[in-house]
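Visitor: Numbering-wise (the numbering used here), the sequence shown opens with residue 119 and increments by one.
These aren't lab readings, by the way, just hints derived from the structure by calculation. All of these numbers come straight from a predicted model, not from anything done at the bench. Don't take each hint at face value.
Below, simulated BS3-like cross-link-like pairs (lysine-lysine); rule was C-alpha separation at most 25 Å, straight line [as the list claims (entries may be wrong)]:
| no. | residue 1 | residue 2 |
| --- | --- | --- |
| 1 | 256 | 328 |
| 2 | 256 | 421 |
| 3 | 319 | 421 |
| 4 | 319 | 256 |
| 5 | 421 | 328 |
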Amino acid sequence: MAIIVVAHNEEAHIAAKLRTCLAQDYAADRLRVIIAADGSADRTKAIVEAFGHARVQLLAFPARRGKAACLNDAVAACSEEVLVFTDARQALDPGSVRSLVESLADPAIGAVSGELIFVCEDMGPFAQGVDAYWRYEKFIRQREALVHSAPGVTGALYAIRRSCYRPIPDRTILDDVAIPMQAVRAGYRVVFDSRAVAYDKPSQTPAQEKLRKVRTLAGNYQLIFMMPWLLLPIKNPIFLQYVSHKLLRLLAPFAMLAVLVLNAFLIRGSVFYSALMAAQVLCYTLVLAAARSPSLRNWRLVKLGSAFLLLNWYAVLGLVRFLSDRDAHLWQVNPGKASEQVSG
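Can you build the whole structure from these sequences, using the hints too?
Guide: This is the structure in structure tokens:
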């Protein structure tokens, strides 16, 4: 099997990544690590070359093209039956690769997602909120996989059968949705294995989380146009999971706006619609006030409301980024925030 890591200017993490990959509890003669350096201008390539390990291969690409293009080229250079994709900054549990391979022993399974766990010595209130949301997201994915398949995997760590891999467009933002959904379309299941663990730090500030969320949501818009069959029940075996998990998340802010506008037209002479409008105005007012009032922000319901509205605002910004940013597929390396690939 082959572990593939796409890295752009990852000199701070690449040596540790190589060590965690080579330390896997898996037969050494059956494991190869491929580092695809995506136009790195720092010491990433030099560090990999200096490692001098027989089971480590460097694919150095002179120009930066993005993760999807590098994955396509790296996979083309592989003959292994199982491919494991992982990002540069996360440490892996020693048994992660073995667990992923064991899951793929079931011939009905085409791809398997590992689990990303956030660890931080000083996890502040915001980071705790990010961690709580991510736990909720993982809970949903686990249940979806029990029904049939999850409509996406954890970009930080997942595996796929070589026979299930199909090249994806170079500008794909969410490889961790596009790649496994191809396996689903081919009739395979995509499952979740909590034994395969990658470790990372959560976003520490709203600004950091905003960058990640907006990029992820832009990628979800992109997939609708790039893979329109996702919206066809006869083509998408997990159509209901995809719509409920991915599509409704994108439609929510526009549905909320439509409800508010329609409510304004229906309010005259109706106690019910007057009460509904008052409830909406109260919710929006509390969330806006909480932005300026630390004490109000500590209320649990206000916290939940703020998080919900922020996510929907990010969905709008994600659409703007998808429509306006030709380089949305290029991720940013920022030591202060979690990987942009934690969630499809």
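Visitor: It remains to establish, for every hint, whether it holds in the given structure.
Guide: Hints, verified against the model:
Note on residue 256 and residue 328: the hinted pairing holds, with a Cα-Cα distance of about 20 Å set against a maximum of 25 Å. Taken as a hint, the residue 256 and residue 421 pair is honoured in the structure, with Cα atoms around 20 Å apart against an allowance of 25 Å. Taking the CA atoms of residue 319 and residue 421, the gap is near 22 Å; set against the 25 Å cutoff, the hint holds. Taking the CA atoms of residue 319 and residue 256, the gap is about 16 Å. The hint holds against a cut of 25 Å.
Between residue 421 and residue 328 the CA atoms are separated by roughly 16 Å; this keeps the pair inside 25 Å, and the hint holds.
Checked against the numbered hints given earlier, this structure breaks none of them.
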